[in-house]
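Novice: Whenever a hint applies, use it, and build me the whole structure from the sequences.
Number of protein chains: 2
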Amino acid sequence: MANNKTEVRRILDKVKAEGRTSLTAPEGKLVCDAYGIPVPKEGVATSAADAAKLATGMGFPVVLKIVSPEILHKTEAGGVLVGVKSADEVQKGFDTIMANAKKYNAKANLLGVQVQQMLSGGQEVIVGAVTDPSFGKLVAFGLGGVLVEVLKDITFRLAPATREDALSMQDGIAAAAILKGVRGADPIDRESLARIIENVSLLVSDFPEIAEMDLNPVFATKNGATAADVRIVVDFKPVPPRYRPSHDDIVRDMNRIMKPDAVAVIGASSEDGKIGNSVMKNLINGGYKGEIYPINPSASEIMGRKAYKSVKDVPGKIDVAVFAIPAKFVPQALVEVGEKKIPGAVLIPSGFAETGNVAGQKEIVEIGHKYGVRLMGPNIYGFYYTWKNLCATFCTAYDVKGHAALSSQSGGIGMAIIGFSRSAKMGVSAIVGLGNKCDIDEDDLLTFFEQDDNTQIIAQHCEDLKDGRAFAEVAKRVSKKKPVVVLKAGRTAVGARAASSHTGALAGNDKIYEDVFKQSGVIRARSLRDLLEFARAIPVLPTPKGENVIIITGAGGSGVLLSDAVVDNGLTLMAMPPDLDAAFRKFIPPFGAAGNPVDITGGEPPKTYQNTIRLGLEDPRIHALILGYWHTIITPPMVFAKLASEVVEEMRAKGIDKPVVASLAGDVQVEEAAEYLFDHGIPAYPYSTEMPVAVLGAKYQWARGAGLI
Amino acid sequence: MANNKTEVRRILDKVKAEGRTSLTAPEGKLVCDAYGIPVPKEGVATSAADAAKLATGMGFPVVLKIVSPEILHKTEAGGVLVGVKSADEVQKGFDTIMANAKKYNAKANLLGVQVQQMLSGGQEVIVGAVTDPSFGKLVAFGLGGVLVEVLKDITFRLAPATREDALSMQDGIAAAAILKGVRGADPIDRESLARIIENVSLLVSDFPEIAEMDLNPVFATKNGATAADVRIVVDFKPVPPRYRPSHDDIVRDMNRIMKPDAVAVIGASSEDGKIGNSVMKNLINGGYKGEIYPINPSASEIMGRKAYKSVKDVPGKIDVAVFAIPAKFVPQALVEVGEKKIPGAVLIPSGFAETGNVAGQKEIVEIGHKYGVRLMGPNIYGFYYTWKNLCATFCTAYDVKGHAALSSQSGGIGMAIIGFSRSAKMGVSAIVGLGNKCDIDEDDLLTFFEQDDNTQIIAQHCEDLKDGRAFAEVAKRVSKKKPVVVLKAGRTAVGARAASSHTGALAGNDKIYEDVFKQSGVIRARSLRDLLEFARAIPVLPTPKGENVIIITGAGGSGVLLSDAVVDNGLTLMAMPPDLDAAFRKFIPPFGAAGNPVDITGGEPPKTYQNTIRLGLEDPRIHALILGYWHTIITPPMVFAKLASEVVEEMRAKGIDKPVVASLAGDVQVEEAAEYLFDHGIPAYPYSTEMPVAVLGAKYQWARGAGLI
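Chains A and B are the protein sequences, given in the same order. Each residue of the first sequence is one higher than the one before, counting from 510 in this note's numbering. Each residue of the second sequence is one higher than the one before, counting from 510 in this note's numbering.
Don't take each hint at face value.
All copies of an identical chain are treated as equivalent in the list; a pair is satisfied when it fits inside any one copy or across any two copies.
No farther apart than 25 Å at their CA atoms in a straight line, the calculated lysine-lysine pairs in the BS3-like style are these [to be verified]:
{"no.": "1", "residue 1": "K562", "residue 2": "K601"}
{"no.": "2", "residue 1": "K1116", "residue 2": "K783"}
{"no.": "3", "residue 1": "K1116", "residue 2": "K661"}
{"no.": "4", "residue 1": "K525", "residue 2": "K514"}
Since the hints were derived computationally from the structure, they do not count as laboratory data. Keep in mind it's a predicted model, so treat the numbers as computed, not measured.
Specialist: Right, here's the structure in full:
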């Protein structure tokens, strides 16, 4: 059934014409009718007798509610009576409500009393819609009563939501089991409820002026779902569209910026300690092979290269200009960059919005738009693109090539990324500072890395998303191809306040981030360390082909902790088939435990690890292995590391490639063993039973989101 | 009002005499009356007319319920009618219920129908009691309806519970806000509800034969609380008392075992690779200064020491015997240890309960009891006590003296403890393997470490507690003096299954562990890494004197993540008083952010860190500092580490000692800086914004539990 947009438009036009910000209940009902959202039988009575007649027509019990555009919170006003059971009671109720409403707000325009068929039975749920400054229209779902109010057990999806989204929302709340029927109650009609969710999400998408909508409660029964109460708030102020280049333009410009053939350094300097000097050194010593043009009005040569007064004086084409000059000189230089048709400016300088200089930031944004120059920053450390040996930054050089692309909103976090990467010998394709994000943001980077063959995983730290909707759209597409991991800082109220004071970030409702990330296939890192470890381990692991995980452990104690971690990380321990159980038992001592974990016991020689790991890889019913190693004299750490790597490589040669991770319990020699294992494709961690399972869990989360399992 | 034990005894005797396992509703009511638990007015009717008369007497509405010892789940049987509003309805209801009950269970003995005053309004809650195999009697509390059933929002305390326990339970559920009144509802009468909780807990403690008790629902209003339904299940099987030496005996024996003057090694060997050889080597090379007596029937000398055929042949006193012989020889040797009056046996051998040899384990336990020999293990790596240079283990020696005492149920986890300790240069007082815990367990260790001057923190890994009640009692006392950290493995259903197969551990209901740990002042580690990091950092940190935490950060981005971590770890960012805010502002650039976090911004020289840290320590309103360092050329990592350490030491010299932790964002040099800071009393972590706050949070949790803040 097609939705009746004309009818909704008519109603909204009337509301707008009358200068109202909300719809009356009868208007709300008409809107619901137009979008196929079931509502109870009802009518508006202007007299007690009228009310009684209406009620008798629809059958008892009924609900009586005041109708007044000025009274939004009807219960508070004493304007609601439920369970009214006879014509006589209805007459009395009418009078009571009108009197209460008058007392509550003497100026309110009382249009009458709504008489409504009273719904009962089934489960009370809430369906709503909100407008978020970053994500735009979202549809919300939760259970009625205290669950939403006290426990905040609510879930969101970007509107419009698909049928799958609408169904997944019904599993996305903590109290989901209630909808399936508890204590002998009937399960609710999921499809009917999903249709309401879908239609609400369509409605607010079709009519952006609907700022908020609440169906509370919706009675969901085994035979359907009906919205008992409708509240619609409107806002007719037009929302200015966000500047957003086309996909092709982003790809073209970002490729020139990230993989430039020629770089200009505006504010290049020969003087040690100057940022313009650090940038020059990093470019040259980093081994960048393209052209480097120092720009400095008062020098003819810098670090052995001819210097120019302006980028406009450079004879050749320039792909990106790195700014190392004070904020106040940026606008003029940026105009010259624009006139030179350079597609990108890397704005290292601080002194813009983050210090209160909002006007200065607005000015450069406008210049950027005018000339089509994409701006990175301002207030950043710059960026690295290792496969071009490019260190366009004033920090230390970084040159370990790899396949993880990282970015951070904050410079401090960027330095932590660099330190961790170097310490863990993590190869990266790029490290990018985004700072104030006045233009280039996370979705631009995703768009670039999506098509960058040197990048296999994208890990991003952010304090907000300037355009959450654009991010979600791009992430949804990109995450199908490459894992996207995000650490969203400002998760808590206290953190959000700090973010707002740090970068002016609008941290927003964290539950919305949580749900939208999930909807977009984004893996959410819970901590800085997780972001870094995921970036390091996920590209090393092959994609699992199914959900059957087994633990093979020498240390029974590790087996228990690894099992806890399996649950924590949303993985599933395979129920061991009897034949496979028997096959494992052949290799382990009689007092070892097969089942899952396979406990080979501590005193076993290398052969036992070897045989069981090989069996785990060979059997096609098993999809991933978690190894628990226990340091003993009989199987020392490096012996274990080598044998595990050998078996994994032997199987890879046969075309069997399953994710394998390892937890190493032992003396300090396990640290060397962990490094060896990591180098051989087995993410391994000493003194931790959590991290190996967390990285495997992250890989699985990605594979599921991308539809690969 | 004293509880009427005689009355309860009379009722229970009757139930026992009649061979029943549960009480009827009227019996339940009498028990409640005897213990001051308010219940509604009620009576039992044996005819419809009778029921109507009773109901009219107590006023409508009423509830009707079947009375039958065979029908426990009355609703399921169609044996309950609520909201019965007139004498006529009561008569009909009586007949319906009797008919339903007969249909449900034709053999049930129907004693009549209970007519009960119907309670309404207020909040429905549940108070109950259960009997746990490890913890014994526990009182439980939760909200009625789906919250307990679906969300498992329930909290436990050991019975008997104090008034404080009972009040804390009302804050201990996720939906606690509901009790305080939401949406204009009245807050409930906390004291009345607490009295019910207390009395239930007293009742089950006074009468251990009450196995289960359920008051469901209890109607809690602003004026009181009344239990609408009572269910009591009894079990008259006597529980055998657990073997438990007196506190003084434990202290005396554990001191001789842990700090022995003479050690016998049963199964000592000169042959490389034998466990008895490793133990000898570790004792000798570890630098142990006491007597070492090798015991071996077929050697006269081992490693330069006279060997004896039996401990009975040793002329002097022996404090502990380390067993390095196969399981089958243990019982005989243990008898000899008993006859020699050695107070402790360290049973390294495996091959007991963990391999199914339950009888063998029972045998040695009986020998231990008979001779008063305390048994450590079996199936362990042994133990270390560094302050005696004692390595009574077959693993590698460990000799970094310190103040953390660690133990593990599993050998693999023990090896992880050793590896981590060595890698992190963590000083320990002891590392102990507990294995099968046939005798010595966590509470024996707590009792020893409580009075051990070399120990400042006790960190334990366990898969179960053989006697949770004893543990809780000891932990509650010990944790007032020294922090006790526990990693309980088998937290999840999957982990619990693995634990059961690993050590036969009865992992139990994790929520009970959670609540009892909290009630006992125990800090719960969520991961192996947390256990280790807490053990390392907590003794380094001084005890905070109040809740006001501030963050001083160079990296704004770290400030945001640190703020999130503050919330995650139950800490409170101080609301910055205006004068203090102004004082900080004097030291930081105008675009830096005071408030809290104090964002000094990235480009600042050492002086800024110095000034702000000093101010943070000097101002008495501030109780703890979290530092966020950002690696820059102007303030390199070691410069920061030294200045921060200097300021902290300068203040300590003035008698100001506050906990300070640091998160270091930067290139690899921050690793050296972190080590330096740690050595100078500032737990510091590179590339992590979570761990520094987690260890501070753990210290706070301890200080609060011990009543120090």
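Novice: Hint by hint, note whether the structure agrees.
Specialist: Comparing the hints with the structure gives:
1. Within a single copy, K562 and K601 get their C-alpha atoms as close as 13 Å, which meets the 25 Å cut-off; across copies the closest is 33 Å, which misses it.
2. Within a single copy, K1116 and K783 get their C-alpha atoms only as close as 59 Å, which misses the 25 Å cut-off; across copies the closest is 20 Å, which meets it.
3. Taking the shortest alpha-carbon separations for K1116 and K661, neither the intra-copy value of 53 Å nor the inter-copy value of 45 Å comes in at or below 25 Å.
4. Taking the closest pair of Cα atoms, K525 and K514 come within 25 Å of each other only inside a single copy of the chain (16 Å); across copies the shortest separation is 73 Å, beyond that limit.
Checked against the numbered hints listed earlier, the structure breaks hint 3 alone; every other hint is satisfied.
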